[in-house]
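Peer 1: Quick note, the sequences are listed as chains E and U, same order. Numbering-wise, the first sequence is residues 197 to 550 according to my numbering. Numbering-wise, the second sequence is residues 5 to 383 according to my numbering.
In case anyone wonders, no lab produced these hints; they're calculated from the structure. Keep in mind it's a predicted model, so treat the numbers as computed, not measured. Note that the Cβ used here is the ideal one computed from N, Cα and C, for glycine as well. Wrong hints could be hidden among the right ones.
Chain U regions said to be covered by chain E (calculated; three or more residues, Cβ under 8 Å) [to be verified]: (1) 100-106; (2) 256-266; (3) 274-285; (4) 319-330.
Some chain U residues close to chain E (C-beta under 8 Å, calculated; not the full set) [as the list claims (entries may be wrong)]: (5) Phe340; (6) Gly344; (7) Asn345.
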Amino acid sequence: MAKKIILLVVVLAMVAAACSSTDSGATAQKSLLDDIVARGKLLCGVNNAVPGFGFVDSAGEFSGFDIDFCRAVAAGVLGDPNAVEFKPLTAQQRFTALQSGEIDVLIRNTTWTASRDGSEGATFLTTTFYDGQGMMVRDDSSYQTLEDMANTSICVLSGTTTELNLAARFNSIPYTPLTFDDNDQLRNAFVAGQCDGWTSDKSQLAGVRSNWPDGEGGPAALRILDETFSKEPLGPVVRDGDSKWADAVNWIVIATIQGEEFGLTQGNVASYSGDNVEIKRFLGQPTPSSDGGTTVFDPGLGLPADYAVKVIGAVGNYGEIFDRNVGPDTALGISRGLNDLWTHGGLMYPPPYR
Amino acid sequence: MWWRDVGTLRIVAQVVAVAAAFAFLGYLYRNLVTNLRAQGIGTGFEFLARPAGVNVAGSGFEASQPVRSVILLGVKNTLALVIVGVPVLTVVGVVVGIARLSSNWLVRKAASVYVETLRNIPPLLVILIAFNAVLLPLPTIDNALHPLGVLVVSNRELGVPWLVPREGSGLYLLVLTVALVLAAGIWVWRTRRFDSTGAPHHRVLWSSAFLVGVGIGAYFLIGTPFQVSLPEVRDRIVVGGMAARASYVAVLVALAMYTASHVAEITRGSILAVPKGQTEAANALALTRFQRLRFVVLPQAFRIAIPPMINQFLNFTKNTSLGIAVGYAEVTLVTFQAIGNGYPAPQMILILMGVYLVFSLTISALVNILNRRLQFVTR
């Protein structure tokens with residue numbers, strides 16, 4: 197008996213010592229980039245309920261604008277656009293999932309705001325989509341402006357900037373917010389007429405509207421009010437404190453925009469044989485160096501030299517991604533607007549690649 | 005040698021074990037704080053004073069009020085479910101449990117179907133069915149129904165008539181309270197008289213007659229202290245009466261029905277657990293069927309039922325968190341909402357855990373007191 201107790205004491209003492217001496221402080225960390233290459237798979241946090249951006253189709257496949265950027269990152273880092281595991285997240289789960297390391301990168305129509313950047317442990321990268329908040333109502337309703345919507349119930353996704361903007365915009369207009377944490381439940385409530393308006397980013401509303409079942413009147417049954425009452429720059433997000441990984445994701449996104457500026461498409465990028473030095477440098481092809489030989493430009497991002505070829509070859513350039521998922525020829529029918537290249541009056545402006 | 009003394013060693017072992025437990029918790033805590041700091045996430049609770057930034061349905065809550073007010077509002081909404089739900093589920097559960105033992109075939113089978121169906125469905129599913137299949141298909145607020153002329157039925161809000169206090173309502177309530185105490189006194193007096201003389205006590209009749217008499221008399225003397233207010237729809241909002249949001253009704257009804265099915269099983273089991281000899285003894289004394297249940301079987305079954313019943317009350321309380329699925333602004337929803345709006349998750353979850361802990365411990369403390377008072381006194 198006494199022996200047992202002594203043994204117990206010794207074990208407990210050892211445990212206590214081990215605990216108190218373990219230093220959990222931040223030590224030099226390996227970049228997530230190396231982990232992902234070693235793992236051979238990218239974990240991407242996405243939406244699964246917004247047509248055009250992140251949606252699971254009838255075949256069970258993820259598709260959409262954000263999904264394509266996940267594939268682009270996988271193609272750039274691992275050389276394989278399919279080496280990605282999609283983790284569908286609700287608006288509320290997304291930052292916790294990012295902070296806890298459940299996902300490597302969050303590409304889930306997430307708005308860049310100061311407090312998210314500052315106190316969510318998140319680093320926001322190049323904006324992939326400039327959006328703004330709007331209000332969708334049934335076409336047979338009488339609402340023309342937001343001011344008409346006094347004493348209405350408005351459906352909104354909980355834990356979003358949308359919710360905050362709504363409260364701010366309706367500051368002097370009495371309304372009842374119906375908050376759901378899931379787009380499908382919100383949709384049910386809207387279909388049943390539990391709420392008069394559905395507020396979200398306009399692109400998302402366009403996505404929902406385009407997918408509106410014919411049984412419920414099809415897209416014509418819904419109307420999106422003209423007013424845009426917020427700025428919503430959407431883009432990929434990574435964890436704070438890993439600039440190497442942040443740089444890699446950032447430049448993969450930029451590569452799609454740069455590709456469009458250079459006129460490189462999914463079809464021609466692999467077979468580029470022109471002699472534009474800037475394009476050759478961008479694609480990781482040998483360029484003449486000062487000593488008369490050739491050199492392959494390496495910006496030191498930790499990515500393969502030909503990552504731009506892989507990225508654009510996998511998902512196309514920015515314009516192709518846009519047109520394929522949300523552009524004028526799709527059901528969403530969103531025009532480029534702010535999301536056009538800077539040379540066409542938009543905000544897409546890739547930093548120089550040199 | 006003191007260090008070879010088993011008594012001493014036991015104490016030392018206890019001390020070391022406690023120290024180890026604290027060291028472990030301290031390690032976890034430090035780990036959390038260090039990692040949060042490393043990611044630039046705050047570790048304090050100052051954020052509770054910052055504005056919530058959102059409005060909440062079914063309340064006058066303003067976006068400029070602080071986060072702690074929105075948490076309190078969530079607590080209030082959860083309590084609104086618990087306070088109404090627990091009595092309802094207890095009554096329904098006990099009635100169904102007794103019905104399962106009925107000698108009437110139809111009643112018995114109907115009760116069995118109720119219990120076996122609901123008990124074997126996850127509560128989340130029951131809530132989703134109640135919300136999506138029962139409440140959402142109701143008419144919209146613009147076409148709200150007015151059954152019997154006194155109710156409002158729509159898929160946004162449901163309204164029932166309610167009493168609104170007028171001048172003198174406080175005085176009236178005071179009179180009623182005094183009358184209630186006096187009625188209890190009359191009850192005791194009649195019981196004592198019965199015990200000493202054996203004359204029929206009629207205590208129910210005596211005390212209720214007194215209470216009703218005082219109630220009616222005071223109502224007219226003070227001059228209608230309460231008025232019935234009927235609900236009506238005005239500008240897409242239910243005014244007057246008492247209105248409940250569809251999500252509240254869905255969660256309340258679904259969870260109360262679900263938990264009642266468990267309570268029914270507890271009731272049935274407890275009645276069956278009363279030794280058969282007790283029933284036979286009651287029969288031997290020529291007690292009627294009602295007397296047998298009221299004075300012999302149920303009091304004993306009740307004692308057996310209380311501990312498992314506490315569990316069901318706790319389950320109900322914790323399951324109210326499923327209200328998040330249908331957008332009912334209970335404490336879990338508002339907490340997650342705040343997390344989504346940029347308030348730190350670890351602290352918010354800690355607060356949420358504390359809230360449920362307080363709920364659960366309070367309920368078990370209350371029922372434990374009741375339990376102790378009802379147990380047999382053994383010497």
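Peer 1: Each hint should be assessed against the structure and marked as holding or not.
Peer 2: Status of each hint after checking the structure:
Counting residues of the region 100-106 of chain U whose CB falls under 8 Å from any CB of chain E gives 0; the rule of at least 3 is not met. Interface restraint, the region 256-266 of chain U with chain E: violated (0 residues with C-beta to C-beta distance below 8 Å; minimum three). For the region 274-285 of chain U, the assignment as covered by chain E is violated, since 0 residues bring a beta-carbon within under 8 Å of that chain's beta-carbons and 3 are needed. Judged by the Cβ-Cβ criterion of 8 Å, the region 319-330 of chain U is covered by chain E as claimed, because 3 of its residues qualify and three suffice.
The beta carbon of Phe340/U is positioned within 8 Å of a beta carbon in chain E (closest approach about 5 Å), and the interface hint is therefore held. Among the interface hints, the one on Gly344/U holds; its C-beta lies about 2 Å from the nearest C-beta in chain E, closer than the 8 Å criterion. Below 8 Å, beta-carbon pairs count as interface contacts, and Asn345/U has one with chain E at about 6 Å; its hint therefore holds.
This entry does not satisfy hints 1, 2, 3, going by the numbered hints stated previously.
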